[in-house]
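Participant: Spelled out from the first residue to the last, the chains are:
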Amino acid sequence: MDIKDIESYPHIAFDMDGPLVSHFFLLLQQGVTIRSRTGCSVAAFLREEIGADGETIGKIQSVILDGSPVDDLESAVIKDGSVLALSAAMPGLVGATLRRGGTYSSFRSAITYHETQEKCVKGEGLIQIKIFNLLMAELGPGLLKKGVVIGSEDFILFTTGQSRDFWKVCRGITLDGKPLGAGELPDSARLSGKGQVFLSVSSDKAGA
Amino acid sequence: MDKILRIDMGADGGPKTSSVPLGQYAGFGGRAMTSAIVSKEVPPLCHPLGAENKLVIAPGLLSGTASAMSGRISVGGKSPLTGGIKEANSGGQPSQVLARLGYAAIVLEGKPKNDDLYKVFINKDGVKISVDNSLKMLPNYDLVAKMKAEYGDKISCISIGPAGEMRMASATVAFTDMELRPTRHAGRGGLGAVMGSKGVKAIVLDDTGMPMRAPKDPEKFKAANKRFVDGLKGHAVTGQGLPAYGTNVLTNILNEVGGYPTYNFKQGRFDGASKISGETQAETEKTRGANPTHGCHRGCVIQCSGTYNDKDGHYLTKQPEYETVWAHGGNCGISDLDKIAMMDFLDDNYGIDTIEMGATIAVAMDAGLAEFGDADAAIQMIHEVGKGTHLGRIFGGGAAATGKAYGVERVPVVKGQAMPAYDPRAVQGIGVTYATSPMGADHTAGYAVAQNVLKVGGDVNALKPEGQVELSRNLQIATAAIDSTGMCLFIAFAVLDQPDTFQALLDLLNSFYGMNLTGDGVTDLGKKVLSMERDFNARAGFTSKQDRLPEYFKSEKFAPHNVTFGVKDEDLDKVFNW
Ligand code: SF4
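Residue numbers (the numbering used here), protein chains in the order written: chain A, 1 to 208; chain B, 209 to 786.
To be clear, the hints were calculated from the coordinates, so they are not data collected in a lab.
Check the hints yourself; a few may be wrong.
As the list claims (entries may be wrong) - Facing chain B, from chain A, some residues (calculated, C-beta under 8 Å):
| no. | residue |
| --- | --- |
| 1 | I64 |
| 2 | S106 |
| 3 | A110 |
| 4 | K130 |
| 5 | M136 |
As the list claims (entries may be wrong) - In silico lysine-lysine, BS3-like type, Cα no more than 27 Å apart, as pairs:
| no. | chain 1 | residue 1 | chain 2 | residue 2 |
| --- | --- | --- | --- | --- |
| 6 | B | K321 | B | K595 |
| 7 | B | K595 | B | K354 |
| 8 | B | K753 | B | K776 |
| 9 | B | K753 | B | K735 |
| 10 | B | K483 | B | K547 |
| 11 | B | K354 | B | K332 |
| 12 | B | K224 | B | K248 |
| 13 | B | K494 | A | K145 |
| 14 | A | K59 | B | K483 |
| 15 | B | K474 | B | K547 |
| 16 | B | K765 | B | K782 |
| 17 | A | K59 | B | K434 |
| 18 | B | K494 | A | K59 |
| 19 | A | K194 | B | K483 |
| 20 | B | K428 | B | K211 |
| 21 | B | K211 | B | K424 |
| 22 | B | K483 | A | K168 |
| 23 | A | K168 | B | K519 |
| 24 | A | K146 | A | K122 |
| 25 | B | K612 | B | K595 |
| 26 | B | K336 | B | K319 |
| 27 | B | K483 | A | K146 |
| 28 | A | K178 | A | K194 |
| 29 | B | K483 | A | K145 |
| 30 | A | K178 | A | K146 |
| 31 | B | K441 | A | K59 |
| 32 | B | K224 | B | K356 |
| 33 | A | K168 | B | K494 |
Glycine residues also receive a C-beta, built at the ideal position from the N, C-alpha and C atoms.
Based on the provided sequences and hints, a complete structural model is requested.
Facilitator: Set out below in structure tokens:
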């Protein structure tokens, strides 16, 4: 995926009314891609790109950067192509082990994140972000409203798997600003031939 | 709870019961009680299925009281799977009911002289044991339905399925939940086979007419319980994460860090993880009209459990837990939640440990008996076990037996027991516990609990490599103590972070019994339990050689981090130096 291509992906926008907007949140656990500045710390990324305030950052107990648990949000750096996963506090010893800077962090020292980049290269890039569990409802609405890139096939699987109840609360869908029927979604997702769609979701009950 | 019910199944003229005072076992509950009786009374070199072994079932110290979370029950004996001492614990209603009936333990002893099958009924009027061969080979759900028809719906049941009757080393002891379904299991170590060897199919309990156990200081007890509940509800894990998603909430994060054992422990990531995650599971349950937030017994305020409906909205099974979803899911390459839920139901119904069964299927897949990802083949393997076919008998013997039968080297067991859902190469500290726990590879042995509160063995420098050994030691001590209270181990998350919640737990015990237990007292209890268990194992022939992970964990690199298990043997041998 190239940052320049994002503009050419089909932009599919959902307008939802009602609680089933939470179904979109499940896409976030698989990972969505956003355009973001790079060369900043994870802490700055969370604040400035994701819009997480201090309280929300406090709830983000596990931060996984490129597959490794991060202890210090200020020293770990976001780069083009980074994969960042965020989770609230998890149960059990292993859940406690994966918390940032926790008592049991030594249990996973073999996989802990260590920043190797000495100088930050500031710029813009594509970041894959995964959001798990309680953070989905917290961070999902804002991310989905701004728009995220996901694979066309994942998007088609997601829409074809939805129940009648889901479509009942879907107030409208647009493709690049033009109204679209639900049946037309698979074709539109494959439009660009680049295997990706730019998805945005708005809802008056986004946190439901 | 001032007496022990002993049932001699081998007595002349048929089973004989005696109700005896606690004697030397006064002050013990749960795991402390089962391990004390087993280590004292069972000859360590006996055959686990022989007359000399005993099956001990013990509610916790606070079971049957108004205390929240106090309904766990311990089952102990010499394990047919590991050959060592075993305590497996379970949720469900029987702990509360047994405690209200006044029993601190039931001990099944001896062995019947023929192959009759017995049921035991206990209520306020006493104990009745009768032969009921119509129960033979009934799966747990059918058995409980029969007991309900016979004794009414105010009962709770402790039972074995066909796997227990066939004395398979992966057989469980089942406990009914609030809806009188046999969904809770003392799963690990094959204690269902020990119950089967005693010829007991079901223990039916009815506490009608029995009051709740009364504390010595009701005011202090009430106040402590309130602080305890507030602490649990106010904590992010016990108050929000677990109720919303259950334990399966761990799938995504374990997968992300590359610590999710996949394809029989070959790699740490599974492509289908998001399809079987706790988040997806909870959403699926809600859409189908099931309940993702439910307790396994009355008095649970965390409610990590739930129910799982099929596509048509009919009850299929209880919400499968993380270990079950992993064992039958990623470990076998299966990403279909409905099929995994079906396997959970079959395991419960036949009475098989879900972790052992999932690990066994993965070993069988590695042996070429089916493709990884073939859910229908996996379901068929469980049916083979339930029916007791020749192949099923091998599978029912567990992952180690299956690995031996098919010549597989990659068999993830310690002391013969299959490892749970965390790879010890990615999270090496848990590997220390897998290796050294007297129970065999066990994720709950050193599960959690306030090392920073208890200061077991002083402050630990967690950044030193040996810190992993020290932490594992402390966690095993604290866990042994919590298992003895009958409290659900999931309280540990709140106790870990909130000293006042830990103090509330101590206050509950102290106000109930009129004692003055401190953090040090809890530590001493945990050490005592572990010492009894280690002593039993030593007398059964265990040496430090059994406190090891299989060799391949030290040589096979585990992707994506390409790590091997690096804790040295001499460090493992220091875990129990206190
Ligand atoms: S938290 Fe879960 S396992 Fe513990 S008592 Fe409640 S439902 Fe049972």
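Participant: Look at each hint and say if it fits the structure.
Facilitator: Here's how the hints hold up against the structure:
Hint status for I64 of chain A: holds, given a least beta-carbon distance of 5 Å to chain B, under 8 Å. At a threshold of 8 Å, the smallest CB-CB gap from S106 of chain A to chain B is about 4 Å, leaving the interface hint in force. Of the supplied interface hints, the one on A110 of chain A holds, with its beta-carbon coming within about 5 Å of a beta-carbon of chain B, less than 8 Å. Because the beta carbon of K130 of chain A sits about 7 Å from the nearest beta carbon in chain B, less than 8 Å, this interface hint is met.
Proximity of M136 of chain A to chain B holds as hinted, the smallest CB-CB distance being about 7 Å (cut-off 8 Å). Distance hint between K321 of chain B and K595 of chain B is fulfilled; the C-alpha atoms sit about 25 Å from each other, no more than 27 Å. Straight-line distance between C-alpha atoms of K595 of chain B and K354 of chain B comes to about 20 Å, which keeps the hinted pair within the 27 Å bound. Among the hinted pairs, K753 of chain B with K776 of chain B is consistent with the structure: their alpha-carbon atoms are about 13 Å apart, no more than 27 Å.
As the CA atoms of K753 of chain B and K735 of chain B are separated by approximately 22 Å, the hinted pair is consistent with the 27 Å bound. The straight-line distance between the Cα atoms of K483 of chain B and K547 of chain B is roughly 12 Å, inside the 27 Å bound, and the hint therefore holds. Distance hint between K354 of chain B and K332 of chain B is fulfilled; the C-alpha atoms sit about 21 Å from each other, no more than 27 Å. This hinted pair checks out: K224 of chain B and K248 of chain B have alpha carbons roughly 21 Å apart, not beyond 27 Å.
For a cut-off of 27 Å, the pair hint linking K494 of chain B to K145 of chain A stands: about 24 Å separates their Cα positions. For the proposed pair K59 of chain A and K483 of chain B, the alpha carbon gap of about 25 Å is at most 27 Å, so the pair holds. Pair hint K474 of chain B plus K547 of chain B holds up; C-alpha atoms about 22 Å apart against a cutoff of 27 Å. In summary, the hint linking K765 of chain B to K782 of chain B is supported, as the alpha carbons are separated by about 26 Å, within the 27 Å threshold.
Note on K59 of chain A and K434 of chain B: the hinted pairing holds, with a Cα-Cα distance of about 25 Å set against a maximum of 27 Å. A hinted pair counts as satisfied when its Cα atoms are at most 27 Å apart, and K494 of chain B with K59 of chain A qualifies at roughly 25 Å. As the CA atoms of K194 of chain A and K483 of chain B are separated by approximately 24 Å, the hinted pair is consistent with the 27 Å bound. Our distance criterion of 27 Å between C-alpha atoms is met by K428 of chain B and K211 of chain B, whose separation comes to about 26 Å.
Using a Cα cut-off of 27 Å, the hinted pair K211 of chain B and K424 of chain B holds, with the two alpha carbons roughly 18 Å apart. Under the criterion of a C-alpha separation no larger than 27 Å, the hint pairing K483 of chain B with K168 of chain A is consistent with the structure, at around 24 Å. A threshold of 27 Å between alpha carbons decides the hint, and for K168 of chain A with K519 of chain B the separation of about 19 Å falls inside it, so the pair holds. With a C-alpha separation of about 22 Å, the suggested pair K146 of chain A and K122 of chain A falls inside the 27 Å cut-off, and the hint holds.
About 22 Å separates the Cα atoms of K612 of chain B and K595 of chain B, which keeps this hinted pair within 27 Å; it holds. Proposed proximity of K336 of chain B and K319 of chain B is supported: the alpha carbons are some 18 Å apart, at most 27 Å. For the hint linking K483 of chain B to K146 of chain A, the alpha-carbon distance of about 25 Å falls within 27 Å, and the restraint holds. Restraint check for K178 of chain A and K194 of chain A: satisfied, since their Cα atoms lie roughly 20 Å apart, inside the 27 Å limit.
For the hint linking K483 of chain B to K145 of chain A, the alpha-carbon distance of about 24 Å falls within 27 Å, and the restraint holds. Distance check on the hinted pair: K178 of chain A and K146 of chain A sit about 18 Å apart at the alpha-carbon level, within 27 Å; holds. For the hint pairing K441 of chain B with K59 of chain A, the CA-to-CA distance comes to about 16 Å; that is within 27 Å, so the pair holds. Between the alpha carbons of K224 of chain B and K356 of chain B the distance comes to roughly 25 Å, so the proposed pair stays at or under 27 Å and holds.
A distance of roughly 17 Å separates the Cα atoms of K168 of chain A and K494 of chain B; the hinted pair therefore holds under the 27 Å criterion.
Violated hints for the displayed structure: none, as all numbered hints are satisfied.
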